[in-house]
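Student: Residue-level listing of the chains:
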Amino acid sequence: MSSRILIIDDEPNIVLSLEFLMKREGYDVAVAGDGEVALRAMAERRPDLVILDVMMPKLNGFEVCQRIRAEPAFRGVRVLMLTAKGRETEMKKGLELGADAYVTKPFSTKELVAEIRRLLEPRG
Amino acid sequence: MLQGWVIVAVSFAYLGALFAIASYGDRRAEAGRSIIANPYIYALSLAVYCTTWTFYGSVGRAASSGIGFLPVYLGPTLMVALWWYVMRKIIRISKAQRITSIADFIATRYGKSQMLGGLVTVIAVVGVIPYIALQLKAISGGFTILLHYPAIVMPDKAAAVPLVSDSALYVAAVLAAFTVLFGTRHLDATERHEGLVAAIAFESLVKLVAFLAVGAFVTFGVYGGFADIFTRAAKVPSLEALMTVPGGGGGYATWAFLTFLSMLSILFLPRQFQISVVENVDEDHIEKATWLFPLYLLLINVFVLPVALGGLMRFTGGGVDADTFVLTVPMAERAEGLTLLAFLGGLSAGSGMVIVETIALSTMVCNDLVMPVLLRLSALRINQRRDLSGLLIAIRRLAIAAILLLAYVYFRVAGEAYALVSIGLISFAAVAQFAPAILGGLYWRNATRSGAVAGLLGGFAVWAYTLLLPSFARSGWLPASFLTEGPLGLGLLRPHQLFGLAGLDDISHGVLWSMLANAGLYVGVSLTGPPSHAVSMQATLFVDVFRHTQGAERTRLLRGSASVHELLPLVGRFLGPERAREAFAAYARRRGVASPEALPADAGLVQFAETQLAGAIGGASARVVVASVVQEEPPGLDEVMDILDEASQARAYSRELEQKSRELEAATTGLRAANERLQELDRMKDDFMSTVTHELRTPLTSIRAFSEILLEDPHIELGQRTLFRSIIVKETERLTRLINQMLDMAKIESGNAEWRAAELDLREVVAESAEATSQLFSEARVALTLLLGESAPRVMADRDRLMQVLINLLSNAVKFCQPGRGLVEIRLTTMGGQARVDVKDNGPGIPRHQHETIFEKFRQGGDSATGKPRGTGLGLPISRRIVEHFGGRLWVESEPGHGATFTFVLPVEPVAADVPAGVEIGAT
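So the protein lines, in turn, are chains Y and P.
Under the numbering used here, the residue at position 37 of the first sequence is numbered 37, and the numbers go up by one with no gaps.
With the second sequence counted from 1, adding 1000 to any position gets you the numbering used here.
I should point out that these hints are in silico values taken from the structure, not numbers from a laboratory.
Hints are not guaranteed to be accurate.
As the list claims (entries may be wrong) - Far from chain P by the CB rule (all over 10 angstroms, computed), these chain Y residues:
{"no.": "1", "residue": "S2"}
{"no.": "2", "residue": "R4"}
{"no.": "3", "residue": "E11"}
{"no.": "4", "residue": "Y27"}
{"no.": "5", "residue": "D28"}
{"no.": "6", "residue": "E63"}
{"no.": "7", "residue": "R69"}
{"no.": "8", "residue": "V77"}
{"no.": "9", "residue": "R78"}
{"no.": "10", "residue": "R87"}
{"no.": "11", "residue": "E96"}
{"no.": "12", "residue": "L97"}
{"no.": "13", "residue": "K105"}
{"no.": "14", "residue": "P106"}
{"no.": "15", "residue": "E115"}
Said to hold, decoys possible - Each computed DSSO-like pair below joins lysine-lysine, with the alpha-carbon atoms no more than 30 angstroms apart:
{"no.": "16", "chain 1": "Y", "residue 1": "K93", "chain 2": "P", "residue 2": "K1815"}
{"no.": "17", "chain 1": "Y", "residue 1": "K92", "chain 2": "P", "residue 2": "K1840"}
{"no.": "18", "chain 1": "P", "residue 1": "K1747", "chain 2": "Y", "residue 2": "K92"}
{"no.": "19", "chain 1": "P", "residue 1": "K1747", "chain 2": "Y", "residue 2": "K58"}
{"no.": "20", "chain 1": "Y", "residue 1": "K58", "chain 2": "P", "residue 2": "K1815"}
{"no.": "21", "chain 1": "Y", "residue 1": "K85", "chain 2": "P", "residue 2": "K1840"}
{"no.": "22", "chain 1": "Y", "residue 1": "K58", "chain 2": "P", "residue 2": "K1840"}
{"no.": "23", "chain 1": "Y", "residue 1": "K110", "chain 2": "P", "residue 2": "K1730"}
{"no.": "24", "chain 1": "P", "residue 1": "K1747", "chain 2": "Y", "residue 2": "K23"}
{"no.": "25", "chain 1": "Y", "residue 1": "K92", "chain 2": "Y", "residue 2": "K58"}
{"no.": "26", "chain 1": "Y", "residue 1": "K93", "chain 2": "P", "residue 2": "K1857"}
{"no.": "27", "chain 1": "P", "residue 1": "K1730", "chain 2": "Y", "residue 2": "K58"}
A quick note: this is a predicted structure, and the numbers were derived from the prediction, not measured.
Quick reminder that beta carbons are idealized off the backbone N, C-alpha and C, glycines included.
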């Protein structure tokens, strides 16, 4: 059974590209346009990994990450943060809030795919 | 045989010799070769302190209280040790301010107060008259005893002698005549009498030699030396007690009080002030005087106990007054020449005191009592008199005669009730009243005039009540019950046991109460308020005298100006025209001016005139006289600051310190605010950069992702491939638009944008913009309605820029409208000199809190449906800047759910305006 990935971003064209890439890799892909929709979707069906944009209206990426880590039901969900803000402090903040990886936009498709594959390897 | 005429002849011969010395001294002084300009003469002249009270009285007191005569000499010895600090300061001040008497000193210190000068004069005259009376009593007593030589007969009570045969009256008259001759031959600006000082120094020598001669005669001639006298006296029980300090608690208290009193007297007795301050030639003379004067006191006291003991052993039975032993012991031994020498010693002690004291007092009476009154009595037209120097001299001569007359009256009234010493001490207690005002005035800046007046009045009143009135009561001029039961039988107010205080002798009791009242009132009243401007100014000149007189005389007296033509005659009226002219000429030479007439009419000249007059008539009167011709200016800001600075330096320093710390605090607060503002700006810049980065990276992300997808996999199905390519193109356009707008914004903000202003038909521009966006509307299936009206308002603007604004507003409207159901309306109206364009849509509307933020950079309104704004976030900010550049305004009105209306207004050009189109306004 393939891993399930939830893409959370408010930029339609970026969502489109990510969706295409993940599907090509054989993952089961779901999409959410903002944080609130994403959290509802996660409650319905728990993903194995979320690709999370930082700059979003309503709940921003940091807040969504915090909620995911605070919810016991989401334990073990991998979080990859994706942001156009490349400052050191923001990367640090994301990792401190419990993100597993932090990738800046614009990203290399190859590297992103490799990073996701690595995150989804069985642990232990 | 010593016959009456012999004594009289010798006395006059002696006085004549004195006069000769004085004349010689004056002549030498005028020739510029002073004979008194050395410390030895100065120290000898200070010995005017030793009067007949010392010459006759010490032996008298030693005969009754043993070494109890000593405190009167211990006090000055102690005080002299402090002279280098106290006396030098008083002398420096007096020279700088041309002070002529102790009254002048106090009046000048407290703002040149005529009232204080008068008060001090009254206290001095009333206080010192008993002391002068004492001299008359001693001299005439000595004369009477000598007349009966070789029989030893005590003089009768003064009151029992008819007036015409009372030798004291003749003594007073002769001394008055001599004093007039000595002291008032001419007026001098400095009120100095060099000849007089020389004569006084000679007198000090005579009385010392006379006393030592008598002492040596008694000790070594009559007895076999000191050891012999003391051994013999020790065998008599009543005499043995004299050689120890009297027992009982009162003994030491009396010693302490007497020492204290005499410490003050050596400073403040009018004659001491005259000799040690006014007549001082060089303040460095003090240095030698600090040991020479105590040495003199020691010498004149060495033989006091031997003479007293010898006299007591010689005249057993008490028939001979111990006050006369200095005369009567040599008489009993039939030592004719020595007796005459002893009489001359007593005469020199008495006359020296009377002459200096009355000169000092007459100066005070004239300058501080009579002149102020005369100057006020305009009826006398004193200000118009041409030469007042004659009048001044006449006043002083009258004052001398009056003072001696008063002293004689006191002698007749009260002189017999007390021994010599007690009368002297009453005077000491009176002049001690000057101590708080003078010593305080030397060191305490905050002393006030009211404080000085209250202290002097209070102290003087208590002195009169506890010491002066009782002396009248004892003489029978007041009922004796005044002493024993108190006034009106009020026991608590008995003058010698005031408020029940007993156990002290009369003098100590009076001194304690009067000094308490004086010092208490002086300090207490001074503390109730700040000193006045004038007093503060003087406080600075007195307290900081050593700072002010380092170089040239720099005294702040009257401010203001008066010409030499007014001042010279004015000074001339008091000093005499010739002396005044000489003084002014000397002053002109000092200032390097050819003649007095050429002197500038400045404050310096006024001060010079005032000091000249101060020498003749006292500081307070001089101020009044000069002020009558001077246009006095109010103190300037500089001066006030100066005074603040100097007069209350401590206060000023602490205030300055407080001010500085307040300033520092303010600066710190300001710095903190500036720092916060900087940090805020830094954060804003960071946020801005971060936003810009984000805006640039977002389209780049899509472009890169799709480019890589297409590159990696050429076999993607056609439909998807086409979609991906079109996304790349759109995102590239978005990126280009963003970069262009950012550059545009940067240009406008930095002022480097080019504006081509021209007169435009706004109706035409709106229609053209609608045409340009028609494609957009039809694509989105949004309806556009134009309501342009009839008028064609003309505005001054850049056509392209205005189009940019309109297209931005129209495309925004399309963007936020629902496709198919969108309605956009553009309306043009003219009203009140303004053209108004409304762009109204039926989109979701904008919440109130965003009405302003949407005009900020990168703060575009969100589409709540998708959460993502569409656009660069720079369109509205740029539009607003363009409209504002042409004098208009751009804003939005909207209710969420009811669409939004963006409106801008621009000023309409006057119709007749003849401005050619296409005028280059130029870069701003």
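Student: For each hint, tell me whether it holds in the structure or not.
Tutor: Status of the hints after comparison with the structure:
1. No beta-carbon of chain P is positioned within 10 angstroms of the beta-carbon of S2 of chain Y; the least distance is around 20 angstroms.
2. Against chain P, the non-interface label of R4 of chain Y holds: every CB pair exceeds 10 angstroms, the least being about 21 angstroms.
3. Distance check on E11 of chain Y: its Cβ comes as close as 6 angstroms (rounded) to a Cβ of chain P, failing to clear the 10 angstroms threshold; non-interface status is violated.
4. Taking the minimum C-beta to C-beta distance to chain P, about 16 angstroms, the non-interface status of Y27 of chain Y holds against the 10 angstroms cut.
5. The Cβ of D28 of chain Y sits about 20 angstroms from the closest Cβ of chain P, beyond the 10 angstroms cut-off, so the non-interface label holds.
6. With a closest Cβ-Cβ approach of about 14 angstroms to chain P, E63 of chain Y is found to remain outside the 10 angstroms limit, as its non-interface label requires.
7. Residue-level check passed: R69 of chain Y sits 23 angstroms from the nearest beta carbon of chain P, beyond 10 angstroms.
8. Against chain P, the non-interface label of V77 of chain Y holds: every CB pair exceeds 10 angstroms, the least being about 22 angstroms.
9. For R78 of chain Y, the shortest C-beta to C-beta distance to chain P comes to about 21 angstroms, beyond the 10 angstroms cut-off, and the non-interface label holds.
10. A Cβ of chain P approaches the Cβ of R87 of chain Y within 10 angstroms, the least distance being about 7 angstroms, so the stated non-interface status is violated.
11. Every beta carbon of chain P lies more than 10 angstroms from that of E96 of chain Y, the smallest distance being close to 19 angstroms; the non-interface claim holds.
12. Every C-beta of chain P lies more than 10 angstroms from that of L97 of chain Y, the closest at about 18 angstroms, which supports listing it as non-interface.
13. With a minimum CB-CB distance of about 4 angstroms to chain P, K105 of chain Y fails to clear the 10 angstroms threshold, and the non-interface call is violated.
14. A cut-off of 10 angstroms between C-beta atoms contradicts the statement that P106 of chain Y is not in contact with chain P; the least separation is 4 angstroms.
15. Distance check on E115 of chain Y: its Cβ is at least 14 angstroms (rounded) from any Cβ of chain P, clearing the 10 angstroms threshold; non-interface status holds.
16. At most 30 angstroms may separate the alpha-carbon atoms for a hinted pair to count; K93 of chain Y and K1815 of chain P exceed this at roughly 35 angstroms.
17. For the hint pairing K92 of chain Y with K1840 of chain P, the CA-to-CA distance comes to about 46 angstroms; that exceeds 30 angstroms, so the pair is violated.
18. For the given pair, K1747 of chain P sits about 36 angstroms from K92 of chain Y by alpha-carbon distance, which is inconsistent with the 30 angstroms threshold.
19. A distance of roughly 33 angstroms separates the Cα atoms of K1747 of chain P and K58 of chain Y; the hinted pair therefore is violated under the 30 angstroms criterion.
20. A threshold of 30 angstroms between alpha carbons decides the hint, and for K58 of chain Y with K1815 of chain P the separation of about 21 angstroms falls inside it, so the pair holds.
21. Using a Cα cut-off of 30 angstroms, the hinted pair K85 of chain Y and K1840 of chain P is violated, with the two alpha carbons roughly 36 angstroms apart.
22. Distance hint between K58 of chain Y and K1840 of chain P is fulfilled; the C-alpha atoms sit about 28 angstroms from each other, no more than 30 angstroms.
23. Using a Cα cut-off of 30 angstroms, the hinted pair K110 of chain Y and K1730 of chain P holds, with the two alpha carbons roughly 24 angstroms apart.
24. As the CA atoms of K1747 of chain P and K23 of chain Y are separated by approximately 45 angstroms, the hinted pair breaks the 30 angstroms bound.
25. Restraint check: the Cα-Cα separation between K92 of chain Y and K58 of chain Y comes to about 22 angstroms, which is no more than 30 angstroms; the hinted pair holds.
26. Taken as a hint, the K93 of chain Y and K1857 of chain P pair is honoured in the structure, with Cα atoms around 26 angstroms apart against an allowance of 30 angstroms.
27. At most 30 angstroms may separate the alpha-carbon atoms for a hinted pair to count; K1730 of chain P and K58 of chain Y meet this at roughly 26 angstroms.
Violated hints, in rising order: 3, 10, 13, 14, 16, 17, 18, 19, 21, 24; the structure is consistent with all others.
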